[in-house]
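Trainee: Listed here are the chains, written in short residue letters.
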Amino acid sequence: MFIFIVFPLVGAGIMPLLGKLSKKKWPDILSAMVLLILLVCSVVIFSPSLKEPWQYIQNVHFLNEPVHINLALDSFNGLFLILISFISFTISLFSIDYMEIYGSKQIYYALLLVIVAALNGLVLSKDLFGIYIFLESAAIASFGLVAFSLEAEALEGAYKYLLLSVIASGFILLGIVLLFAITGSLSLDGVKKVMEIVNNKSVITLCSILFIVGFGLKTALVPFHSWMPDAYTKAPATFPAISSGLIIKITGIYVLARIFFNMFQINAGVSSALLFLGMFSIIVGTFLALGQKDIKRMLAYSSISQVGYIIAGFGVGTALGVIAAIFQLFNHSIFKSLLFLNAGSLEKSTGTQSLDEMGGLEKKMPVTATTNAVGLLSTAGVPPLNGFWSKLLIIMALLQAKLYIYAIIAIFMSVLTLWYFLIVHRQAFFGKLNEKWSSVREAPFWMSLSMIILALACFVIGIAFYIVLKRFIIPASVPLAGFIMK
Amino acid sequence: MTIFILILLIIFSILAVFLRDLLKAALSLAAASICLTIIFFLLHAFYAGVFEISVVAGLIIVLFVTTISLTRSETPVKESLMAYFFFPIFFILIIGVDLMIYKRFSMGIPSVTGTIFHGNFGDVFWGKRSFDLIGQVCIIFAGVFSVLTLFRRKNE
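Just so you know, the protein sequences line up as chains D and A, in that order. Heads up: the first sequence begins at 178 in our numbering, then just goes up one per residue. Heads up: the second sequence begins at 4 in our numbering, then just goes up one per residue.
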């Protein structure tokens with residue numbers, strides 16, 4: 178398991194040296210190879226039988242001496258290891274052609290690999306301070322990626338991202354400090370054991386609030402969402418793809434799930450707060466996405482809305498709710514990464530992100546148009562694509578919990594999502610071709626390949642949803658099941 | 004001594020909010036962070052002190068300062084006066100919450116030295132918390148590559 182942290186870190190370390198040899202070729206190869214190896218390893222080590230939280234502990238040894246590094250694996254974080262490797266691998270493929278316009282690929286790939294190492298470190302850690310350090314690493318490396326174009330707006334977005342990230346870290350750190358002061362432990366299961374004995378409800382409530390605000394900022398839940406549209410708009414399209422696909426999921430939702438299902442027992446108060454924040458994000462994100470003319474900004478608001486579904490699923494707190502939330506998280510990582518890569522493809526070919534300037538690009542960019550259609554239909558929850566099944570499960574979980582109003586809102590917002598995505602698709606790809614796009618060409622090979630892989634994933638998971646649910650999603654929900662609300 | 008540094012910490016923190024020059028504000032934040040580090044060391048929280056000075060006073064401030072130096076514009080931008088109204092309110096609010104937390108929890112909080120982290124810094128760092136070293140390497144890499152991003156020539 179140690180390979181998941183060390184391998185990308187070593188790759189990042191030697192990336193600038195390889196960049197000296199060949200700025201174009203070697204960084205591409207190294208990054209893709211590292212991530213492909215991690216993808217294979219993550220699939221190999223995933224085991225549905227690791228049902229207890231952090232069931233398998235690896236004590237790292239060096240020259241037969243223990244180095245006091247303990248990594249924990251269960252079926253829940255095993256799924257996340259697959260997700261991290263898969264999404265980052267496709268983004269790495271996309272970057273081969275896409276990042277040509279930005280230059281300094283070796284630095285870009287180094288930042289990408291640091292993010293992967295940090296996310297892997299975070300999911301394999303069962304220690305609150307370990308989680309905090311890897312969370313900060315991911316935030317700092319993300320700052321570099323947001324600012325990568327060095328345009329004024331990108332720097333402004335990066336600055337805003339860093340400031341709000343620091344505020345989020347402040348809340349999280351205060352929560353960790355309080356727990357450490359009370360329990361004398363930093364490990365999630367250690368805190369759990371002491372809290373079961375102490376049962377200090379005031380501390381649990383206060384820490385819950387601090388963690389919800391801190392991780393809510395990381396996840397860009399409404400009303401903590403303001404950094405996301407600014408950070409995504411002028412960053413290279415691969416950043417929103419990895420951020421929306423992985424970073425906000427792992428630094429926000431994954432840790433919240435671990436805290437509220439493995440450390441504290443999710444109670445009615447936390448459940449209501451998560452449900453409310455989730456539904457609020459769905460509504461606000463959907464309506465804010467409606468009026469956007471910038472494709473990346475629109476996708477950012479859509480991301481806020483879709484993340485709301487995941488939080489609402491966890492907020493329901495039942496077994497079905499948790500399974501639905503994990504499935505929606507898994508699917509959203511794939512289709513939202515795809516949509517941001519589609520936006521990057523459009524941006525690279527046309528030089529604009531404005532939907533008003535696009536139109537009739539379907540014949541010029543058939544691969545981008547087709548994969549974009551798959552991504553948007555999946556996001557909106559159209560059968561038989563993967564997004565349909567996860568949204569259906571969330572709505573079923575809301576109905577099962579007798580939260581009828583929330584279920585109706587979720588259905589209505591899903592229809593609205595379909596509506597604004599169809600408008601976007603029509604504006605970009607259908608209608609009369611603007612004359613200035615007559616010389617536009619389809620995205621190059623590697624960009625097209627990565628989009629096709631993600632679109633195929635949406636399709637295959639949608640068709641084989643039962644197998645995916647049975648083999649991956651349900652086993653991944655089991656380590657959280659011990660604390661699911663009765 | 005601790006009280007004196009604590010007052011300095013509050014002064015530098017307030018300056019970080021109120022100074023109009025962003026560069027000076029970032030430097031005030033750095034000074035505040037250094038005060039906090041000294042307090043950590045005075046309270047024998049060496050572990051926290053090392054992280055505070057390396058991560059916050061070091062990396063984060065470098066990122067702030069380089070971003071500010073790159074975004075400085077010749078045209079003056081009218082600043083919002085919201086901070087002047089809202090800061091005192093939030094300041095009083097946070098002090099109030101802080102006091103409430105202290106009053107509510109101070110009796111129940113065991114001494115940190117009585118916990119599993121008892122021991123000198125080296126023992127704790129190498130013996131119990133060596134995983135954090137990997138995290139530190141990760142943070143240093145992230146910081147270095149982010150700074151390299153900011154200092155590189157466009158489309159190099």
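Worth flagging that the hints you see were computed from the coordinates, not collected in a lab. Just so you know, even glycine gets a beta-carbon here, dropped at the ideal spot from N, CA and C. Check each hint, because a few of them may be wrong.
Listed next, with one range per pair, are the computed distances between beta-carbon atoms [said to hold, decoys possible]:
#1 D:Val354 - A:Phe7: 50 to 58 Å
#2 D:Ile600 - A:Ile8: 53 to 61 Å
#3 A:Lys27 - D:Ala329: 50 to 58 Å
#4 D:Lys613 - A:Val100: 43 to 51 Å
#5 A:Ile97 - D:Glu619: 36 to 44 Å
#6 A:Asp24 - D:Val343: 18 to 26 Å
#7 A:Ile8 - D:Pro621: 51 to 59 Å
#8 A:Ile97 - D:Leu213: 44 to 52 Å
#9 D:Ile278 - A:Ser72: 21 to 29 Å
Trainee: Decide, hint by hint, whether the structure agrees.
Mentor: How the hints compare with the structure:
1. In this structure the hint that valine 354 (chain D) and phenylalanine 7 (chain A) lie 50 to 58 Å apart at CB is violated, the actual value being about 23 Å.
2. Taking the beta carbon of each, isoleucine 600 (chain D) and isoleucine 8 (chain A) are about 58 Å apart, inside 53 to 61 Å as hinted.
3. Evaluation of the 50 to 58 Å hint for lysine 27 (chain A) and alanine 329 (chain D) yields a failure: the beta carbon distance comes to about 21 Å.
4. The supplied range of 43 to 51 Å is broken by lysine 613 (chain D) and valine 100 (chain A), whose beta-carbon atoms lie about 57 Å from each other.
5. Between isoleucine 97 (chain A) and glutamate 619 (chain D), the C-beta spacing of about 54 Å breaks the proposed range 36 to 44 Å.
6. As the Cβ distance of aspartate 24 (chain A) to valine 343 (chain D) is approximately 19 Å, the hint placing it in 18 to 26 Å holds.
7. Distance hint check: the CB atoms of isoleucine 8 (chain A) and proline 621 (chain D) are about 58 Å apart, consistent with the given range 51 to 59 Å.
8. The hinted range of 44 to 52 Å is satisfied by isoleucine 97 (chain A) and leucine 213 (chain D), whose Cβ atoms lie roughly 48 Å apart.
9. Between isoleucine 278 (chain D) and serine 72 (chain A) the beta carbon distance is about 25 Å. The supplied range of 21 to 29 Å therefore holds.
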